[in-house]
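**Q** Given these sequences and hints, build the entire structure.
Residue numbers (full-length UniProt numbering), protein chains in the order written: chain A, 1 to 220; chain B, 1 to 220; chain C, 1 to 220; chain D, 1 to 220; chain E, 1 to 220; chain F, 1 to 220.
Check the hints yourself; a few may be wrong.
What the hints assert, rightly or not - Pairs of lysine-lysine, BS3-like flavour, derived with a Cα cap of 25 Å:
{"id": "1", "chain 1": "A", "residue 1": "K144", "chain 2": "F", "residue 2": "K56"}
{"id": "2", "chain 1": "A", "residue 1": "K144", "chain 2": "B", "residue 2": "K214"}
{"id": "3", "chain 1": "A", "residue 1": "K56", "chain 2": "F", "residue 2": "K144"}
{"id": "4", "chain 1": "B", "residue 1": "K144", "chain 2": "A", "residue 2": "K211"}
{"id": "5", "chain 1": "B", "residue 1": "K144", "chain 2": "C", "residue 2": "K211"}
{"id": "6", "chain 1": "F", "residue 1": "K56", "chain 2": "E", "residue 2": "K211"}
{"id": "7", "chain 1": "E", "residue 1": "K211", "chain 2": "F", "residue 2": "K211"}
Stated by the list, open to error - Residues from chain F that keep clear of chain A, each with C-beta distances beyond 10 Å, as calculated:
{"id": "8", "residue": "A55"}
{"id": "9", "residue": "F75"}
{"id": "10", "residue": "K211"}
If you're looking for bench data, these hints aren't it; they were derived computationally from the structure.
We put the CB at the ideal spot given by N, CA and C, even for glycine.
Number of protein chains: 6
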Amino acid sequence: MEALQIIVAIFILALASSLTFASDPSPLQDFCVAINDPKGSLFVNGKFCKDAKLAKADDFYFSGLHIRKNTSNTFGSTVTPVNVAQMPGLHTLGISMVRIDYAPNGGLNPPHTHPRASEILVVLEGTLHVGFVTSNPDNRLISKVLYPGDVFVFPVGLIHFQYNIGNTYAVAFAGLSSENPGVITIANAVFGSNPSINADILAKAFNLDRKMVKNLQSEF
Amino acid sequence: MEALQIIVAIFILALASSLTFASDPSPLQDFCVAINDPKGSLFVNGKFCKDAKLAKADDFYFSGLHIRKNTSNTFGSTVTPVNVAQMPGLHTLGISMVRIDYAPNGGLNPPHTHPRASEILVVLEGTLHVGFVTSNPDNRLISKVLYPGDVFVFPVGLIHFQYNIGNTYAVAFAGLSSENPGVITIANAVFGSNPSINADILAKAFNLDRKMVKNLQSEF
Amino acid sequence: MEALQIIVAIFILALASSLTFASDPSPLQDFCVAINDPKGSLFVNGKFCKDAKLAKADDFYFSGLHIRKNTSNTFGSTVTPVNVAQMPGLHTLGISMVRIDYAPNGGLNPPHTHPRASEILVVLEGTLHVGFVTSNPDNRLISKVLYPGDVFVFPVGLIHFQYNIGNTYAVAFAGLSSENPGVITIANAVFGSNPSINADILAKAFNLDRKMVKNLQSEF
Amino acid sequence: MEALQIIVAIFILALASSLTFASDPSPLQDFCVAINDPKGSLFVNGKFCKDAKLAKADDFYFSGLHIRKNTSNTFGSTVTPVNVAQMPGLHTLGISMVRIDYAPNGGLNPPHTHPRASEILVVLEGTLHVGFVTSNPDNRLISKVLYPGDVFVFPVGLIHFQYNIGNTYAVAFAGLSSENPGVITIANAVFGSNPSINADILAKAFNLDRKMVKNLQSEF
Amino acid sequence: MEALQIIVAIFILALASSLTFASDPSPLQDFCVAINDPKGSLFVNGKFCKDAKLAKADDFYFSGLHIRKNTSNTFGSTVTPVNVAQMPGLHTLGISMVRIDYAPNGGLNPPHTHPRASEILVVLEGTLHVGFVTSNPDNRLISKVLYPGDVFVFPVGLIHFQYNIGNTYAVAFAGLSSENPGVITIANAVFGSNPSINADILAKAFNLDRKMVKNLQSEF
Amino acid sequence: MEALQIIVAIFILALASSLTFASDPSPLQDFCVAINDPKGSLFVNGKFCKDAKLAKADDFYFSGLHIRKNTSNTFGSTVTPVNVAQMPGLHTLGISMVRIDYAPNGGLNPPHTHPRASEILVVLEGTLHVGFVTSNPDNRLISKVLYPGDVFVFPVGLIHFQYNIGNTYAVAFAGLSSENPGVITIANAVFGSNPSINADILAKAFNLDRKMVKNLQSEF
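**A** Right under this line is the structure:
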């Protein structure tokens, strides 16, 4: 019996320290610090919690958002997220943050949606052309040029973008109304999915010829 | 004073019978039959309610979903919605329905999202290739060929489509988890917005040349 | 130590593949495919999730809803549900579906409530008299005769029914605003509970004599 | 013009002081004191709010719950509610209260559901047999005899009752998780609806003969 | 292999009967009886559920709320809670209850907030001065003297108190709109936190000299 | 009759352009731009919406958050909010933002709660000691010193503060999970309410003598 007790005790410790759990939306306690582990085998909607007694300041902390990020990539922009994956204390709190860096002369955060969050963005440096498109049937583009200190909001689920139209670096910070907002980059999801969407579907939907679709798919 | 009372009384009647109102999410009463009016000047999130005492069976009723719809259009498909705009009794109840007709040999309900609803679809006739794409970074396509009696679900906010790969008409019915799910047809919102999105943005996002983008924009 | 690691590893696999878990309401991720096991010993509100990387199209799929069901039973009706118990991918998505078959000349889906969902129903075949009753103090019956293509909505928590008044089979499909709507068949819950409700209570509540109540209870 | 301004001003005052409005679920402000008027013609899901600056202590106040109520009625019980209809300050706060008085020797709060609330009940005087029935397929009766100081909870949407099995008056207080919980007294909704449910339906559902159903309907 | 199966079986039983779990907000099933264990190592937002088949009446039951509590303590008041920690069946049901006893001549339930619940209170005995303070910028005190049978509501998150201004014992019962409302006693949280808040902060915030703050902190 | 129609038309215009309305939580449409008017007499929980067709980019826009604010005030800090009162397009979107400026050497955002939001804060300049206190019974202080680029989260409803411990100006931006989070500055609500809380209550709650309480109340 004692041997089993030891095994059980070890297992409980292993479980507490090594599983990727997931959990849930609105708070039922002061906070629920998320716990994660790549070897984990139990999952819930969101994350499991750490024992509240063991929560410490570092669970509610993240650093490095003052550092300019490298924007030498396809779109000339880099998003640095601070959501529940980076800051476990965000779990169940319905909020997260991102820093976005844009290369000069065309750095682009391309058209995308957040399926689970609205986003409020403030420009710190540079000049951004930003916009979102309303749903059917109007598909109205609501856009604005933003300068440092300007704030704009992108409603939940709508397609939106930011584009650096200045000749200097641009930086923005944004708050999002979920600890795990999700991102769907439209072009990547449509032309770069894995496996690919049937090219006939995309040709018809986007009014492109099939060969062009195939080319796009090979590039994404 | 009496004249004013009459004016006020007439106004109240006019208000009750003629304004487009809007209202809210979870029920605080048995039901809230929506009221609408093209001359309306007051709006809320959703709709205003009809006096519950005046609610009648027709407020919870809609007809004609058995009729095959004409699919002679660009995409070869027609969506017939039954949401709060068509059935005012749906207001606050978090549910709606659609019928979708697909032309033979390629009728397509093109890639789109519902920002406020998940969708469960059952095939009545025909053979549909359906799928949805997960969010970043995986952008995994989860797809299936469906036959009559098959059911599939598209999670809230994700890009999804249905495509008639058979040589006969196809028909599906679907339930959606909102009385006003919203629809964002990706290609239309991106290439057909009003006004247009800056062509440089779309060229970069979709890896297309600027001229091609301009062509696409002129066609949508 | 190695032996323990093996034990732990085996346990984790066993846990992942064999427990009945339960989980939660609004999405915190793209989807959360439910996992179940009759031997399971851990439960949450709803279900646990499958590892998202292992989700496959069949998790979002169900078949057979085109088949006419046998209605040779007490009420002359059969409900075929497609909720999270049948389609694990529905978990956290707030939607489900049912097919209902009604025998000719009086097939009845008897008075019942869904404690967690509103229901939108479309008639495919036959002629149904449907209705729901509002809460106290009015207890107003709102009813309608429905023909193929007609749609009707039953608000969450209210007592409702469908009754085949035609001399042919009837079939309806319905969407429900929860992945686990629950069903309370009024007569069964009241007269057929296990153990039985004290007959004096039911006699007084329904204005029946005690012997009649006892008879009813023995039959349900 | 001045005359019109006066009319408009008077109307605005009239509107603010005299209309029956309705409103919504979770708070977006400290509180929203409901306003009502039998002459009102505008309705929302819930109630409209009073100007927050004019809110006063009496809006959050109700008196008289210490008084024993007359229980000389059919069921031998009286429910005294304190919900948003009696205490306008409850609006958007998701809570309400009731006092229930039971006659000695069989005072009954008959089987009913609250479509929008769970209920926690504490017994102050007397001896109550209380219970609720779970949903299909189990329809399990979970019941208990309660004495002064005992507390019991009835989950949202489930059929429940309280029955005075003592030979003295009984009194209970209960909290409910909605400012407008709604009540559906099963027997009244089923046999006493207005208009009546088709007697064939009830005969089949409750396994009663048609004549008995007609009798019951005439009595409710 | 058999030995391992036994170990796994024992562990599963141990897990089911001995871990402190936590879980989630709105119901996805009839009820979710919470399970707890001081040795537990798995936590979620709220609690885990007991197997629904094993739920029994005692899970929904609590006793002893009729007993006058000792109020010989610093504030002259005692709160007896009935929330999910005392009654596991409350889990996911969004409701709980408290009994509050107040010593004669100044028994005080000191200024506090409930971060997750509104509270409706009924006075059973005695005379209570009660009040709450609105948020910035008005900080309006809304207060009232309550006598037996009087009811008052304290909106979610606002600072409130009850004070026995009579020369007899006072007793109140209250319903709260969460199964785990949380309590933040202002003075304790501010002057009695562990570790202490920097005295300079409290001196500045409360306009006290640093020494006074240090004194207060040593006393709490 | 025509005169009345004119009156009604004028009134409708006046109503649409001049009333302070209020409205509701989760979106039922793409967005709901709030409308306000100091003369308004109709209120809901939140705000009324502008006609969606008239929404323009400026409704989703705010400027000036790059400007250092004057911190020559009692606490040496200034909060510049961007919530639904400043940016009407935030309505129903569940998100808002603030800029906070802190004077060197002790600029303090004093202990306060947000009854309706969690807050994620990023430091742009300076050195902040920040912290929050958990609810009863632990009242644990969780605190950290933050430098530029550091991020911290304050869970909904908990008492928290930020304190400039550096000798330079400090600046932070924060996202909040509500369009109208509310602020309760503890010392102001407790000692500066209008009218004042009975000094005996505060003396007992804070362990201060009555005269000291009176002094504090006269100063706030």
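**Q** Now tell me, hint by hint, if it's right for this structure.
**A** Outcome of the hint check:
no.	hint	result
1	K144/A with K56/F	holds, 10 Å
2	K144/A with K214/B	holds, 21 Å
3	K56/A with K144/F	holds, 10 Å
4	K144/B with K211/A	holds, 24 Å
5	K144/B with K211/C	violated, 57 Å
6	K56/F with K211/E	violated, 55 Å
7	K211/E with K211/F	holds, 17 Å
8	A55	violated, 7 Å
9	F75	holds, 23 Å
10	K211	holds, 36 Å
Violation of the numbered hints given earlier is confined to hints 5, 6 and 8; the remaining hints are satisfied by the structure.
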